[in-house]
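J.: Sequence:
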Amino acid sequence: MSDDIHFSGLSKLNNPNGIFEFSSVINYLFYHPMQYRIVFVFFVFLLFNCNEANKKEVVSPNILFCIMDDASPHMSAYGYDWIHTPAFDKIASKGILFTNAYTPNAKCAPSRAAVLTGRNSWQLEEAANHVNNFPKKFMTFPEVLREKGYKTAKTGKGWGPGDPGEIDGKPRELIGESYNSNKIKPWANKMSSEDYATNFDDFLNDVNKGEPWFFWYGAREPHREYEYGSGHSVASKKITAIDSVPAFWPDNDIIRNDMLDYALEIEYADFHLGKMINNLEQRGLLENTIVVFTSDHGMPFPRCKAQEYYYSNNVPLAIMWPGGIKNPGRTVKDMVSFIDFAPTFLQLAGIDFNKSGMHSSPGRSLSDIFWSEEEEQVNPERDIVLIGKERHDYSRPENQGFPIRGIVSNDYLYLYNYDISLWPAGNPEIGYLDIDGSPTKTEILRQFRSGEEDKYWQWSMGKRTMNEELYQLSKDKECMLNLANNSEYEDIKNNMKDRMETMLKEQNDPRMFGNGAIFNTYKFSNDQGWNYYERFMASEFTIEDTNWVNPGDLDKMDLSDYE
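In this text, residue positions in the sequence shown follow the working numbering: the first is 8, and each later residue adds one.
None of these hints come from the bench; they were simulated from the model. Errors might be hidden in some of the hints.
Below 30 Å or equal to it, Euclidean Cα-Cα: the simulated DSS-like pairs (lysine-lysine) are [claimed, not checked]:
#	residue 1	residue 2
1	362	462
2	144	362
3	101	340
4	362	158
5	190	282
6	362	177
7	97	192
8	216	362
9	177	190
10	484	144
11	158	97
12	470	512
13	484	97
14	340	97
Model, not experiment: these values are computed from the prediction.
Please build the complete structure, drawing on both the sequences and the hints.
T.: Below you can see the structure in the form of structure tokens.
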């Protein structure tokens with residue numbers, strides 16, 4: 008007999024289901040040579056040690072979720088030279104840079120509600136709107152994490168504006184305890200004085216050893232308003248560094264300076280994130296911490312924030328997890344949505360979403376992207392996202408919003424405007440309240456009122472002329488050329504609309520079943536908002552009572568020719 012030991016006989020001991028029968032092994036070895044028994048003892052030794060290793064507790068990852076307030080993907084990692092974001096760039100280079108990340112709704116409260124619940128706006132009842140009362144029925148993922156042993160907290164802006172409700176007579180903590188006690192002198196006037204990084208340090212000091220945690224860093228930047236000229240005066244930025252201005256704004260020094268001030272605000276938020284990452288490194292926590300950096304929606308400029316175009320809903324996103332993401336440094340173009348965050352975090356924390364107490368989510372965990380080594384398109388099924396809006400600010404008669412639904416692929420963006428008789432940016436006679444006051448807004452209004460140029464006003468504030476809009480993003484990210492009536496794109500338009508409406512019906516969107524008006528019946532969370540238009544026109548309020556716009560935004564012109 009050969010000295011070599013062969014296992015062909017042992018291989019026959021598998022049952023038809025592929026399960027290795029331990030009792031069969033014993034019987035086999037009893038009737039076979041000693042050398043088989045020696046190998047068996049060694050096999051049992053290995054099996055025992057493997058089982059012991061598997062008994063080691065899986066360490067739940069920590070999560071640092073960083074969300075800016077009103078930033079488009081203007082980070083240096085995306086190729087912009089007039090803005091410098093070393094912290095964001097570090098996350099991208101040591102993790103994944105996403106080029107097709109979208110919020111379902113380009114306004115603060117509904118966008119953040121989508122993050123927290125994993126549900127699209129039209130699935131959230133009152134939380135679809137801005138300045139709303141958050142429905143008690145919808146549990147958030149930080150609440151689930153807290154139930155499962157995570158310490159959860161936030162600094163800066165959390166969910167809002169709105170009323171989260173109460174639990175046991177205390178304000179409901181949709182995210183967690185607030186750490187906002189530390190203050191700092193910011194780089195410029197109008198920036199927040201909250202010392203986000205030191206507040207995070209205080210939080211880490213309060214975390215027990217071995218306790219997993221979730222921390223929400225809600226930078227209030229680059230939300231309006233800005234110190235005009237601070238981009239140049241503080242950071243020596245030059246308007247000539249901006250390679251191009253979006254075609255829907257005038258290109259002059261006013262707009263370019265406004266863009267530089269916006270850039271400085273982003274850099275300030277990035278500065279605090281850099282300090283947070285350094286803190287994690289010094290504490291030895293970075294390896295098992297998922298670091299996410301994004302923004303709730305696009306930049307606070309006309310035709311961006313509060314609309315549903317590429318500049319409105321496309322957001323920056325970089326995710327780093329040294330101990331979990333494979334092949335870091337990748338750029339991924341899969342279509343991902345804010346509704347994917349909740350399923351991701353719960354899965355990685357070892358929590359079954361379906362048993363979490365949260366309402367169902369159409370979102371999908373990003374773990375398939377994390378654990379792949381592929382670049383560009385990782386999962387072919389991630390080929391579209393849905394977007395849309397209902398009521399934002401109190402901008403129109405009878406508490407109406409400007410309802411839109413849309414679908415976005417890597418190449419095209421399709422929108423359906425349900426009522427083009429309404430003003431998309433809000434009624435002119437109360438100040439176009441869906442557009443924050445800014446030098447850019449003021450300049451567009453100046454050119455329009457003076458007769459110098461009306462196209463910029465038309466693009467940002469004028470009424471829509473068509474219910475349907477279709478843009479080829481691969482050639483037209485500024486969404487300037489509407490292809491909806493172009494017969495060459497008829498099939499693409501119809502296919503996108505059909506797919507959008509099929510998905511919306513699956514998600515029980517009230518607007519798909521003739522009940523879209525319900526969104527206008529939900530109350531605002533403050534006393535001022537309800538019937539604001541009628542009360543404004545009755546002189547109960549003035550333009551000064553809406554502090555996010557400028558007094559000059561109110562339009563007293565006769566606009567009947569533009570109706």
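J.: If a hint holds in the structure, say so; if it doesn't, say that too.
T.: Hints versus structure:
Between residue 362 and residue 462 the alpha-carbon distance is near 52 Å, which puts this suggested pair outside the 30 Å criterion. Taken as a hint, the residue 144 and residue 362 pair is honoured in the structure, with Cα atoms around 15 Å apart against an allowance of 30 Å. This hinted pair checks out: residue 101 and residue 340 have alpha carbons roughly 17 Å apart, not beyond 30 Å. A threshold of 30 Å between alpha carbons decides the hint, and for residue 362 with residue 158 the separation of about 20 Å falls inside it, so the pair holds.
At most 30 Å may separate the alpha-carbon atoms for a hinted pair to count; residue 190 and residue 282 meet this at roughly 15 Å. Restraint check: the Cα-Cα separation between residue 362 and residue 177 comes to about 26 Å, which is no more than 30 Å; the hinted pair holds. At roughly 25 Å between alpha-carbon atoms, residue 97 and residue 192 fall within 30 Å of each other, so this suggested pair holds. About 28 Å separates the Cα atoms of residue 216 and residue 362, which keeps this hinted pair within 30 Å; it holds.
With a C-alpha separation of about 25 Å, the suggested pair residue 177 and residue 190 falls inside the 30 Å cut-off, and the hint holds. The straight-line distance between the Cα atoms of residue 484 and residue 144 is roughly 38 Å, outside the 30 Å bound, and the hint therefore fails. Distance hint between residue 158 and residue 97 is fulfilled; the C-alpha atoms sit about 26 Å from each other, no more than 30 Å. Taking the CA atoms of residue 470 and residue 512, the gap is about 28 Å. The hint holds against a cut of 30 Å.
With a C-alpha separation of about 26 Å, the suggested pairing of residue 484 with residue 97 holds against the 30 Å cut-off. This hinted pair checks out: residue 340 and residue 97 have alpha carbons roughly 19 Å apart, not beyond 30 Å.
Violated hints, listed in ascending order, are 1, 10; each of the other numbered hints is respected by the structure.
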